[in-house]
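Please build the complex by placing chain B with the ligand on the supplied structure of chain A, with the hints as guidance.
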Amino acid sequence: MEVLVCVKRVPAAGARVPLTGDGRDIDTRHLGFTIGPHEECAVEEAVRLVAAHGGRVTVLAVGPAECAEQVRYALAMGADRGVLVDAGRSDPDPEATAGAITQAVRTLTGGEEPFDLLLFGDCSADAGHHQVGIRVATGLGLPIVSGVKALEVAGDGLRMRREAGDGVEVYRVPLPAAAAVREGLNLPRYPSLPGRLRARKAELRTVAVEPEPGGLRTVRLRQPADDRAAVVVLGHGAAAAPAVVDVLDELGVV
Amino acid sequence: MLLTVVEDREPTPEVCALARSLDPVVEAVAYGADPGPRELARWGVTAVHRIRHELLDAYAPEGYGEALAQLVARLRPSGVLAAATEHGTEILAHAAARAGLPLATDCVSVTGGDPWRLVRSRGGGMLLEEAELAAPVKLVTVAPAAAVPAAGPPHAVGECAVAEFVPELEPRHVRARVVERAARTEGTGLATASVVVSGGRGVGSAEGYAVLEELAGLLGGAVGCSRVATGNGWRPHRDQVGLTGTRIAPEVYLACGISGATQHWVGCMDARTIIAVNTDPDAAMVARADYAVIGDLHEVLPAMVAEIRARRSVHSGPVVSEERG
Ligand SMILES: Cc1cc2nc3c(=O)[nH]c(=O)nc-3n(C[C@H](O)[C@H](O)[C@H](O)COP(=O)(O)OP(=O)(O)OC[C@H]3O[C@@H](n4cnc5c(N)ncnc54)[C@H](O)[C@@H]3O)c2cc1C
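Quick mapping for you: the protein sequence lines, in order, are chains A and B. In terms of the UniProt record's numbering, the first sequence opens at residue 1 and continues consecutively. In terms of the UniProt record's numbering, the second sequence opens at residue 1 and continues consecutively.
FYI, nobody ran anything at the bench for these hints, they're computed from the structure. Model, not experiment: these values are computed from the prediction. Where a beta carbon is used, it is the ideal one built from N, C-alpha and C, also for glycine. A portion of the hints provided could be inaccurate.
Claimed, not checked - Distance windows between CB atoms, simulated:
| # | chain 1 | residue 1 | chain 2 | residue 2 | range |
| --- | --- | --- | --- | --- | --- |
| 1 | B | SER313 | A | GLY23 | 22 to 28 Å |
| 2 | B | VAL162 | A | GLY141 | 33 to 39 Å |
| 3 | B | PRO171 | A | ARG200 | 44 to 50 Å |
Bound conformation, chain A alone (with noise of 0.2 Å):
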C-alpha cells in the first residue's frame, strides 16, 4: 500500500501565543515547532498499515525550508520518503495550500504508481481551515472521510469510524481513497535512535510549484480578551484542603 501523509509545521506555543508587533503573524522567534497533533496520529497509522500490508510511507510538507525539521521527524517514526513542497509563499491560504499539494502529488506520481491512500490531519493545529484534505481529494478525484478516529482494512476498501454530533458514524470507503485523521485514531510512538540516525541523513525531495491565491486573505491577529478575576490563593499544601472544600461546598458540588 502507497501512503502519502501530509503534515503541516506549525509553533509550538506555551501560555500564550506571542505575536509580531505589526500583528500580521505570531511571533516564532521563541518558540519550537512541531507536527500538528492529528498529523502526528496520520503518520503513525500510515507507518502501522504499511507494517501490516506492505508499500510505503511518503510524507510531505508545504512550506518553507525548514519544514524539512517536521518531515525528518515522520521519517523517524518510520516514514520511508520525505518531500518537501516550496509554494514560493510564506503562509499560503487554505486554497493554495491544496493547490500546492494537488501538483505535487500529480508530480510524484507522473501518472504512474498512485497513492492508494492519503492521509491529511483533520485541520491544522494553527489555522484550522478544515478544508485542505477535502479540496486535495477533490482536486484528484478521490473519496474523503474527515473526522476519522478509527481506520482499518475492509476487503479492498477501508472502514472508518467517526464521531459527528452526539452520534458515531462508519464509513466503507473503496481505495484509493483518502482520509483527515484526529488525535486519538492511535497513541504515536516516539522516534527510536537509530529512526532518528536514519531520518538524519535521509535525502529529502523538493518539489516546486506555484499554486494559484484563494480568495481568502488574513489581515492581522490578535488576542482574545481574558476576562477572569485575578486568582484567589488558597493556601499552601496539604493545609489548604479545608479551604478548598469549603470552596467546593459553596459552589454546591460536594
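Same frame as chain A, now just chain B with the ligand:
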C-alpha cells in the same frame, strides 16, 4: 439572497440571525425529510430548498457538497452560511472545493460589503484572525460563540415556501457514505460532567491518577487529563482536555499538575470555576484560575479526600453510630 444550511430540521439561531444581518433575503437549504418551514419562517427565512435524491438517503459528505454546489450555481446567492459543526463544515468544504470558491470556517463575526470582513476563531479561541473573504459567492461557517446581532425571531412572521431541488448525482459522488450509525458510548462522561478533576505531568504516572479518581468519585465527577498524560499512555485520549482533545464547560474544573498551556486552556476556559493545584506559583494555570492551592498534588488531593470524608461522616454521624450498633 443568502442561503443557510439547515441540519437536523432545526435552524441554528446564530446562523439565521447573522444571515439576516448580511442580506435582507434569507433562504434555507435542507436535506431529506421535513425541513420545518414554520420554524424557519419565525427566523425570517422566506423559502427552503429541499434537496432530494435517492443517493443521499444516507449521509454522504461529497454528495451533500455536490448537491449544494449545484444549488448555488442555480440560485447564485450572495453567500452560504452553515453552523461550524462536523457536518456543516464538511458540507461547505466539499461544496467550496467543487465550486472553486473560498471558505472561511469558525467565524465569530462577519461584516457585509465586498469583500466580507470577518473574524475567525483559531484553535478554539487561542487566537482571533481578522480576514477578508472575496468571492462571487461567500461561504462561511459560524462558530457557536459567534457574537451575532441580537435579533430574535422577527415579529411579523411571513410564509416560508418549500421548493424541491433534485441534483444530478452519480454513484461516484457517494463513494464515502455512512453505512452504520450508533450512539456514542465512550467519552461522553467527560463532556457532560459537572465536576472534572484533571491531572497533567505533575501526576507522574498512570497509578498516580487513583487519588484523582477517588476525588472525582466523591464529587460525582469525571477525570480529565492533559496531552502529556495521554502521550505518556497514562490516560486514554478520550480523557484529554484541550484543543485536540475535548472542550468542556463543567461547573468546576480542578487542574492538578497542569501548567496551563494555551492548547489546554481553550479546552477548559468555559468552566464556571477553575481551581488550580500546582507546585509552581507562577504557572499560567495558577494565574488564570479563580482559586489556587500552591503545593504538591500528591499531598493536597489526599488531604481533600480526607476532609470531604470527615465532613460527610460528621453529617451522617448518627447513621454511622447506628450501623455500629
Ligand atoms: C498543536 C498542539 C495541540 C495541543 N493540544 C493539546 C490538548 O488538547 N490538550 C493539552 O492538554 N495539551 C495540548 N497540547 C500540549 C500543550 O502545549 C502542553 O504541552 C501540555 O498541555 C502540557 O501538559 P501539562 O500541563 O500536563 O505538562 P507541563 O506543561 O509539563 O506542566 C506540568 C505542571 O505540573 C506542575 N507540577 C509538577 N509536579 C507537580 C506536583 N507534584 N504537584 C502539583 N503540580 C506539579 C508543574 O509546576 C507544571 O506547571 C498541544 C500542543 C500543541 C503544539
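Checked hints:
{"no.": "1", "hint": "SER313(B) <-> GLY23(A): 22 to 28 Å", "result": "57 Å, violated"}
{"no.": "2", "hint": "VAL162(B) <-> GLY141(A): 33 to 39 Å", "result": "34 Å, holds"}
{"no.": "3", "hint": "PRO171(B) <-> ARG200(A): 44 to 50 Å", "result": "47 Å, holds"}
In summary, the structure is inconsistent with hint 1 from the numbered list given earlier, while agreeing with all the others.
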